[in-house]
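Construct the complete structure from the given sequences, taking the supplied hints into account.
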Amino acid sequence: MIRSIRHHLLVFFSVIGPGFITAVVDNDAGGIFTYSQAGARYGYLPLWTLMPITLLLIVTQEMCSRMGAVTEKGLSDLIREEFGLRTTFLMLAALVAANLMNVMANFAGVASSLELFGVSRYLSVPVAVAAVWLLIVKGTYASVEKVFLFACALYVCYIVSGVLVKPDWKEAALYSVKPVLLFEPGYLQMLIGMVGTSVAPWMQFYLQAAIVEKGVTAKDYAESRIEVIVGCVVMSAIASFIIVACAGAIWSVKPQDIADATDAAKGLKPFGDWAFTLFCAGLLNASFFAACILPLSTAYTVCEGLGFESGVNRSFKEAPIFYWLFTGLIIVGGGVILIPGFPLVKMILFSQVINGVLLPFVLIFMIQLVNKERVMHDWRNNAAYNLVAWTAVVLMIGLTLALVALTVRGVFA
Amino acid sequence: MKKLVLAVAVGLVAGVVALAAAMPGMTTCLTIEHAGLERLPDGTLVDPSLSADERGAVRELREQGAHWVRAFIGGVAAEPIVAFLGEGGGHAPWLRSHPVGSTHFVATRACVVIGPQGRTVGIIAHELMHADLHARAGAWHRHMTVPTWFDEGLGMQLDHRPRYSLAPGAAGSTDGVRALESPSLFFAGNDAELTCHYAYAKAEVGRWLVRIGGPAELAERLQRIRQGEPFESVWRD
Numbered sequence: 004m005i006r007s008i009r010h011h012l013l014v015f016f017s018v019i020g021p022g023f024i025t026a027v028v029d030n031d032a033g034g035i036f037t038y039s040q041a042g043a044r045y046g047y048l049p050l051w052t053l054m055p056i057t058l059l060l061i062v063t064q065e066m067c068s069r070m071g072a073v074t075e076k077g078l079s080d081l082i083r084e085e086f087g088l089r090t091t092f093l094m095l096a097a098l099v100a101a102n103l104m105n106v107m108a109n110f111a112g113v114a115s116s117l118e119l120f121g122v123s124r125y126l127s128v129p130v131a132v133a134a135v136w137l138l139i140v141k142g143t144y145a146s147v148e149k150v151f152l153f154a155c156a157l158y159v160c161y162i163v164s165g166v167l168v169k170p171d172w173k174e175a176a177l178y179s180v181k182p183v184l185l186f187e188p189g190y191l192q193m194l195i196g197m198v199g200t201s202v203a204p205w206m207q208f209y210l211q212a213a214i215v216e217k218g219v220t221a222k223d224y225a226e227s228r229i230e231v232i233v234g235c236v237v238m239s240a241i242a243s244f245i246i247v248a249c250a251g252a253i254w255s256v257k258p259q260d261i262a263d264a265t266d267a268a269k270g271l272k273p274f275g276d277w278a279f280t281l282f283c284a285g286l287l288n289a290s291f292f293a294a295c296i297l298p299l300s301t302a303y304t305v306c307e308g309l310g311f312e313s314g315v316n317r318s319f320k321e322a323p324i325f326y327w328l329f330t331g332l333i334i335v336g337g338g339v340i341l342i343p344g345f346p347l348v349k350m351i352l353f354s355q356v357i358n359g360v361l362l363p364f365v366l367i368f369m370i371q372l373v374n375k376e377r378v379m380h381d382w383r384n385n386a387a388y389n390l391v392a393w394t395a396v397v398l399m400i401g402l403t404l405a406l407v408a409l410t411v412r413g414v415f416a
Numbered sequence: 575m576k577k578l579v580l581a582v583a584v585g586l587v588a589g590v591v592a593l594a595a596a597m598p599g600m601t602t603c604l605t606i607e608h609a610g611l612e613r614l615p616d617g618t619l620v621d622p623s624l625s626a627d628e629r630g631a632v633r634e635l636r637e638q639g640a641h642w643v644r645a646f647i648g649g650v651a652a653e654p655i656v657a658f659l660g661e662g663g664g665h666a667p668w669l670r671s672h673p674v675g676s677t678h679f680v681a682t683r684a685c686v687v688i689g690p691q692g693r694t695v696g697i698i699a700h701e702l703m704h705a706d707l708h709a710r711a712g713a714w715h716r717h718m719t720v721p722t723w724f725d726e727g728l729g730m731q732l733d734h735r736p737r738y739s740l741a742p743g744a745a746g747s748t749d750g751v752r753a754l755e756s757p758s759l760f761f762a763g764n765d766a767e768l769t770c771h772y773a774y775a776k777a778e779v780g781r782w783l784v785r786i787g788g789p790a791e792l793a794e795r796l797q798r799i800r801q802g803e804p805f806e807s808v809w810r811d
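Line by line, the protein sequences give chains A and B.
Per the working numbering, the very first residue in the first sequence carries number 4; after that it's consecutive.
Per the working numbering, the very first residue in the second sequence carries number 575; after that it's consecutive.
None of these hints come from the bench; they were simulated from the model.
Among the hints, erroneous ones may be present.
Below 27 angstroms or equal to it, Euclidean Cα-Cα: the simulated DSSO-like pairs (lysine-lysine) are [stated by the list, open to error]:
hint : chain 1 : residue 1 : chain 2 : residue 2
1    : A       : Lys76     : A       : Lys173
2    : A       : Lys149    : A       : Lys320
3    : B       : Lys577    : A       : Lys269
4    : A       : Lys76     : A       : Lys141
5    : A       : Lys375    : B       : Lys576
This is the structure:
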């Protein structure tokens, strides 16, 4: 019995990485802003949404990791094989555009979090770009994954800053399980935004690619599945502490909208230097982390989809397209932040629209692939799982399209 | 197959329960007639624990409240369900009760719930005014266009509790209340802040009514909202 538990723990720690990293990096600069805004404007009320969001995330992430472990192929690779090159190419083009804009948003997160400490973006962004490049290009998958797992651990900043603002824990606990639906447009828009930012197309591609590159197979899948679930729960716990921190620090003083995540950090200042500093550190860590993962995910996806060599374990010479694409994305993504007057907000809104249009296709491809006997053999979804998966997908598509509609309306307004 | 049917059934029940819990106001509005209250001859629902004298009194209060609304705006447009709750909680546990008064809506249906501390003509008229605004502006436009501060400010025109009345010249500008557009903003804060919100909303709407030529003009303005005119334009004009 003890030997069996020890064996499972050993396997669990050997497969830990892809699921955990993908879920946690979901709390990037955009995610932190969304959750901060939810807490600052509506207090503890939105906390309950994290429970269904976690379930949705688990269902989608689990299918991807299962496909990766069973087929030992990336998602874009499978889509190309099963649905053809033209479909894959169109999807990749949209994904590259959306991810590039998200990379910009995350370098902007690096810049603004360090500007709160007086560091100029003309220094912070080039240093961040160089650090990201060196980490990925000079590292191996194992070393890069260790750095990413360390970055995951740094998200504890949000938990500590949430505790430091001394929120109303009773209210937080109550609204974590008590659903509240306010029929006011702002609240509904916020709920849709929370779901929309939680499940993004890039995550599905990155998770499956990382599962393949790590070498997780069907044999290790039981532990890998636990890792995916634990990652989603941790992501949700971090998001709840961000909401709680902003509810305790901002909403309890005066409910208000915030302009960006640094506004949320400033709102924590009255609760001491530590609360403020930790929130800023969390934002810096999340932005830097996402600025590594997003271009990496894009490079994986494009190279798998078009049949080029890919992987952090390969050298620049072995996978030139993979590394050049990665390099181009971080240089452009970081470079535009230094251009005065660059319409970053419009770009981010535009990326939300592209993500929203892309997500339904990706999710439907995923469900079709995971049910193909030729691809998944005995690892296909059963009827009950398919019911849950289709419900989750339909719900997600509906909410994401609603977010796109609201974004488009906002842009034109 | 059995497992699948069971999963669907459990999912549906859980979904309905979660939805009902998430929207207590709507649940109240939809279920109040089946919540263990007794119906009086005029249609008013009352807690079974209310005595005969209390039942007579609440019927009289309801009539008076409707009369106040009629006198204010020139007629009564709404026919809400009105329920009076008692101290004993003699009603279904899921019913959202409020010690004073509250009004809930589901589409065109309106439901006024008056708690034990809300049995005054002013409070009843206040709640009936919410229902009247809902009927005149239309469910959709009231929900999407009419800000909460206006809805509450209008209700307060008939509610003369002294704590919500600003002494003439006591306050400076009250237009800050116009930022409180949604319920989550208007009803946020402690008791003192909430009192302030009501008082400012009352003053702001009161001043507007004077500007537009008195409550007689109000029905026409609400009709314009019903026809799709933005609230800001109806307010500024």
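Would the hint linking A:Lys76 and A:Lys141 be met if the CA-CA limit is 27 angstroms?
24 angstroms, holds
Given the hinted pair A:Lys149 and A:Lys320, is their Cα-Cα distance within 27 angstroms?
24 angstroms, holds
Is it true that the CA of B:Lys577 sits at most 27 angstroms from the CA of A:Lys269?
It is violated: about 52 angstroms lies between the C-alpha atoms, which goes past 27 angstroms.
Given pair status - A:Lys173, A:Lys76, alpha carbons within 27 angstroms
46 angstroms, violated
With the threshold set at 27 angstroms, check whether the alpha-carbon distance from A:Lys375 to B:Lys576 stays at or below it.
24 angstroms, holds
The structure is inconsistent with the numbered hints 1, 3, although it conforms to all the rest.
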